[in-house]
Amino acid sequence: MTQMNRLAGGQIDRNKTCKFTFDGKAYTGHQGDTLASALLANGVRLMGRSFKYHRPRGVLTAGSEEPNALVELRAGARQEPNTRATTAELYDGLFAKSQNRLGSLKFDLLAINDRFSNFLTAGFYYKTFMWPAAFWEKLYEPIIRNAAGLGSLSLEDDPDVYDKGFLHCDLLIIGAGPAGLMAALTAGRAGTDVILADEDFAVGGRLNSETLTIGDQSGAAWAAQAMTELRSLPNVRIMPRTTVIGAFDHGIYGAVERVSDHMHTPDAGKPRQILWRLYAKQTILAAGAIERPIAFENNDRPGIMLASALRTYANRFAVTADKRVAIFTNNDDGHRTAADLHAKGVKISAVVDVRPDAPRSMDYEVLQGEVVDTKGRLGLTFAEVKQADGNMRTLECGALGMSGGWNPNVHMTCHQRGRPVWNADIAAFVPGADLPAGMVVAGAANGDLSTAGALRGGAAAAKQALGLKGRLPTMPETEDKPINLKPFWYVEGCSRAWLDQQNDVTVKDVKLSHQEGFRSVEHLKRYTTLGMATDQGKTSNMGGLAIMAELAGKTIPEVGTTIFRPPYTPTAIGVLGGRHRGQEFHPKRLTPSHRWATEQGAIFVEVGNWLRAQWFPRKGETTWRESVDREVLATRNSVGVCDVTTLGKVDVQGTDAAAFLNKIYCNGFALLAVGKTRYGLMLREDGIAMDDGTAARLAEDHFVVTTTTANALPVYRHMEFVRQCLYPDMDVQLISTTEAWAQYAVAGPNSRNLLSKIVDQDISNDAFPFMACANITICGGLRARLFRISFSGELAYEIAVPTAYGDALMRKIMDAGAEFDVTPYGTEALGVMRIEKGHAAGNELNGTTTALNLGMGRMVSKKKDSIGSTLSEREGLNGDGQLYQVGIKPVDANDPVPAGAHLMNADGPIDAAHDQGYVTSACFSPNLGHAIAIGFLKDGANRMGETMQLVSPLTRVHVDVEITSAHFIDPEGERLRA
Amino acid sequence: MHDLQPLTALGGTTAQIDSFAHITIAENDGLALASVAARLGHEAACHKTLKKLLGAVPAPGKAVLHDPEAGFWMGPDQWMIGAPRETHELLADTLDALFGKTASVTEQTGAWVCFDVTGLAMPDLCERVCALPIRKMAAGDAQRTMIHQLGCFVIRRESADHIRILGPRASAGSLHHTLITAAHAVA
Amino acid sequence: MSKMRYSGFKVIKEALTGHKGWTPAWRDPEPQADYDIIIIGGGGHGLATAYYLAKEFGQKRIAVLEKGWIGGGNVGRNTTIIRSNYLLDGNEPFYEFSLKLWEGLEQDFNYNAMISQRGILNLIHSDAQRDAFIRRGNAMLLNGADAEMLTTDQIKARYPFLNTDDARFPIKGGLAQHRGGTVRHDAVAWGYARGADSRGVDIIQNCEVTGFRIENGTCLGVETSRGFIGAKKIGCAVAGSSSRLMSKADMRLPMESHVLQAFVSEGLKPVLPGVVTFGAGHFYVSQSDKGGLVFGGDLDGYNSYAQRGNLPTVEDVCEGGMAIFPAFGRARLLRMWGGIMDMSMDGSPIIDRTHIDGLYFNGGWCYGGFKATPASGFCFAHLLAKDAPHPTATAYRFNRFEKGLMIDEKGMGNQPNLH
Amino acid sequence: MIIDHPLLGPRDAAEFTYMGDAKLIDRPDWQSDTAAQDFYEYGYLRDNPAGWHEELWFHEAGDRSWLVVTRNTVTHEISKVELARDVARAKGRSK
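Same order as they appear, the protein sequences are chains A, B, C and D. Sequence positions in the first sequence follow my numbering and run 1 to 978. Sequence positions in the second sequence follow my numbering and run 1 to 187. Sequence positions in the third sequence follow my numbering and run 1 to 419. Sequence positions in the fourth sequence follow my numbering and run 1 to 95.
Next comes chain A alone, as it looks inside the complex (with noise of 0.2 Å):
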């Protein structure tokens, strides 16, 4: 039979049908249902396991706050573990797993750990499981860790696409009940520009799941015509299935915007998910009050609810979750679900009020006394009822609504770690006085439980959040009632009487805690494991604090809540990461021969989100030393030519642009004459080389600086810091114009051939030396630039043209110097030319080296004050002993020397102990037929022609090497001023 527990009314739409299975079996609901409300109709109460004891469970709640529904929601790559039920929309084909099972969910094997519960208490693990050491890994942890966990991942890649996006407005309004529809209209109907975000799929909160009326009314009634008018307001943004998810600093939430999740696939192209970074001048919390459960023994059977989502059930989807029903009270809300779901012809077992003075009925019993106990392995059967009069009654019912009073939604309240604070008439914590700049909170969530009290708080609050003056309008009629609560958090003497159902905590695992001394909040939740489940605590908190305060002889707020921290509730790990997936992570940054590159067959390595081609592989050629040793050699025997863009360059201007260069630099610029270029080292003000570049003199007033690609932007802040902050008196610009050109190295003894065929000025050695630089014309008037500098060792130039034009330049080269078999070199030739000219670059610039130890000491002026000067004197960094940069060769040319390996003396011990440095770079150097690299030793200026141990045990190396000169070729640098 199906839907057997579908009642009459209700807000779905029974013209449309949807198809789902939960567990392999078919159902039917209709639109408008959640898969709960499905299930439940179908009288389905068992949905899943606890976590701990594997207990049955079935629905709690009828909201996010569900602790005890969750399941693992479609198929495939889609799986989505810990599900809520309760707030999963039905979609036709909707396909659904129970989860945190062995075998089936009827016969969870795991459902042996309840027969052992015993030995199961609170923290038993801290205890145990530590003879003999080696089991834990080996035994007990697996064993532990396969029982734990709740739902399973597809371990499949996430399918779908998340957006991220940004809104602004001046009062956001959390939560669309009844105080949030009062506020949105009274500031909307001001002109206000209103963000209106609600986690559910419908509007109105509360509202939908009541029978009380609004003026002349239903509240839902009511409510959709809020939503007409707020619609109609164009300043008004309403965002449903949209949860609120963190209160940050100055006013900025983050929300996630559910697009796609009711149906079967998002549409292409559009994202299942979209993170908002919501920016609001005002915002007020109207995010309504959880009701809470009562404790007893047994309390977790399936059909054991709280009497609110019961009531939500019958009235909105139009389901009960069994034909006979029993309520648990200590106030008279739960005798309202009493009468709806009489009016809806469910029968009432009857009503057990903890209060003397509990009202009376004429449609069903009402008792006074306690509900004990309860029976029924996969679900409700029986109440055991013990009366105030001592007697003991049996209710035979398939549903128990638990009605313990309402906690007020403070949870956004307490994000920036604001405190709540203790409200008696309604024995519940409330928003204290340190909320976040700018909140402000009404309805229930500021714990004005009635209707009346929400829809007055609602309007009063929007006339606060923007500073409206004048009374406020007179409210529609509506019930107005307080609820009369006489605080009753547990049922003497129970044991076995869940607090939180999630984590399988009880009453008795509080008083163990407490016997044990974990007695502050923290220490409890820790201990226990008390609010650690998916909802945070929402449904098990208070009951835990309220126990731990009576054991300890205090008040519950003596004894305080634990922090509720973002996000409100469960968040996809995707929609946080947005499009910043798979090749979009990062942007990539092309230079401007890339297009060419591509042609030729470039394989490209990342740099600093640049793609640099690393080498050019050409036929025949079967590995990439192959490539990179023709490239080397082709440049140094005739020309290469390589994309250097990714340099970092600023344009240095101004009067004082010299001086602001000798403040940079730790060697001096003031000199440089006009059309000269220097090679120029910068330090941090730690004394720690920091980069190195050139500077270019283009004119008096006017640099042209270089980074190297890695640290542009750093150098460039540290740059604009020394500017504004230190010498704001200078007259110097800064602009990067990294970008605004391209860039390419010719190098090699044929280079000044090749360029003479395309620049249209003379650069004969006498007209154009090392070092110089130039703004000039090519092709006959493109302008351009030219620096004679080598990073290569060779006779060599770096041409700078437009970026537009970068790509054609690059053609024009290879044709000019076709004659001369002109060779693109990428950057493993580069780096092995530099190695062989023992260049520093990054691998030596590591942030730990001074200019001492990469040689340059002596390049530090003291006559003058720049960046780092002061403290590179400092005794530590200086004196014998220090690292120094050498060149390393193997003894037996055969052998590597591999960067990262370490260098021991010879015959020495080899430890940490006796460790003399290490090396940097390393390569094969196919103009020495041989292995070369650079690396830091120590005293390593006075150990030339030392042989030493070179030792890497991670990879298995040890040879032989001599300590030589970095300069491996060329040490006069003849070819650079050929």
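One or more hints might be untrue.
Straight-line Cα separation of at most 27 Å, DSS-like style, residue types lysine-lysine; simulated pairs [as the list claims (entries may be wrong)]:
| no. | chain 1 | residue 1 | chain 2 | residue 2 |
| --- | --- | --- | --- | --- |
| 1 | A | K554 | C | K67 |
| 2 | B | K101 | D | K95 |
| 3 | C | K290 | A | K138 |
| 4 | A | K511 | C | K67 |
| 5 | B | K52 | B | K62 |
| 6 | B | K62 | B | K48 |
| 7 | A | K52 | C | K13 |
| 8 | A | K508 | C | K10 |
| 9 | B | K136 | D | K80 |
| 10 | C | K290 | A | K52 |
| 11 | B | K136 | A | K469 |
| 12 | C | K410 | A | K938 |
| 13 | C | K20 | A | K554 |
| 14 | C | K55 | C | K386 |
| 15 | A | K52 | A | K511 |
| 16 | B | K101 | A | K676 |
| 17 | C | K3 | A | K508 |
| 18 | A | K138 | C | K269 |
| 19 | D | K23 | C | K248 |
| 20 | A | K16 | A | K270 |
| 21 | C | K290 | A | K106 |
| 22 | A | K52 | C | K20 |
These are calculated hints, taken from the structure and not from any lab test. Just so you know, these numbers come straight off a predicted model, no measurement behind them.
Start from chain A and add chains B, C and D according to the hints.
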């Protein structure tokens, strides 16, 4: 005259245009750009020349949408000047001569990729890619912000459904991809 | 004080007799007028110091003063990783000593802290990074620690769902330390507390130190919210609150306090066997025995004493996670929190005497504090008991900055938020 | 967080890069007799207050201004934002 063929920032020989329902994303390859930074002590003179050039000095966060030269504020005492490339290929030299010693001029033409985003869904697209209060921006507002981790200038043009985005040229492809996927999501 | 031994038999016996026999894990004593040694800070390091003072160095009359509840600082809000994969001589021997102490800890203090040497893997994404990791791995081996270089295929075999297809920064290998792993963080504080208490240490909670009583260069005791307490020696181990506390002795520290966020997902069936760290973004992750993915990334980056962070860092961390584990997209983040890191000027800690006689300092742990807990406590106890630094902690001196003897693993220099 | 830029108005702090205590503006005189000690303290010692803190932020993704932001390190409240260049001049820094 030289024979070197320029490429657009997206690597083509002609500018790229992508159209969606309510959104058009057009690569704008026609801009010559140069930055102008006032020399210390010459701010007044520099402002004067700017006013002469653009009709007004762009205030912080603002652009002066003037023809043929337009300009927007980049930072304290620093502006970006733009003009059509076919008529102003040598914009930087021209400005250098115009401002003389009162400002430091730096060519920026090659440093940027420019996209014109137009259409009714433009604000929705903007809300998916950057934190600017796009619906509150007025014609001539020019803000620098982050799009896909890239520092970009966003300029609200005369028409309410038109923004111009200047982004780092080397990342033109990544920026374009970001705008296209956002367009798919909102169109 | 409780001398009760925990064991499987004890658990069974109590289960059968209604758990009546369990006693408090530690006492709740009133502070005495004076002690031989006072430790300020009831976090992991403070409790470990007291424990080793009593157990290893025969000290008596020891008190731990905690302003709130013990274990409430960073020991209770971290990502529970232990490892000794350091590069520099000043660090590696110390952290290896710490790892060895972890390996025997549970038997030593008779408390199951669920120490799980499931291994830690640092992913490599570039040649330069490989060079650096080879140097590091060699330093580890040369110091007697364990390290292994793994190929991409070996990594794939263990983590088949790592993104090795369309990664922006392809995985080119990894440096593994198999002895690294995770520990149940709260249990570390509780185990040390229980062990110290059973050896006579007074653990005094809700006792805030409000000042030091210093007379002509000597510290005589502390002013607290519960009155003056005298002591011959006072050791400060308050991590993120170090600057705040030491300013009461007119000291400025080479330190800034920064917030580091950490994250845990909903419980999931086992997916991650070990600890993995992303080398091209800010993300590291492991899976707890309860099934939650425990992960973290970078500092928020600004000075803060608020134990909470902001959204951009949350997004940055999750972007890193999605970059290498695209399968985590449908797992849900359950809770995020922040801890206050005592970020030192070179990223390495200080365990040293101050210029004030009788006043000792332990701090500057950056976000390496949890894994250092045993050695930090042992070495601080050594310093307090013998007035000489422990052999593995000789480099952790105040004066290293003045002298230019920084221990800068990352090479970031004197900017704490970059370490 | 939101930083109210003195020229551009409220901007998301994510556009900025943080450096640290604004005392870094007070770079010591390299020629003073106590230069070594001064630079050590300048480079390494911090007040690191729990409360109001003047600190340097760089508008990296914005106008490239260095700002001095007065922010409470306990509550994150921001009470003042100034251009660092103005602050530096007010402190007497020049060339």
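Broken hints, numbered, in rising order?
-> Checked against the structure, no hint fails, so every one of them is satisfied.
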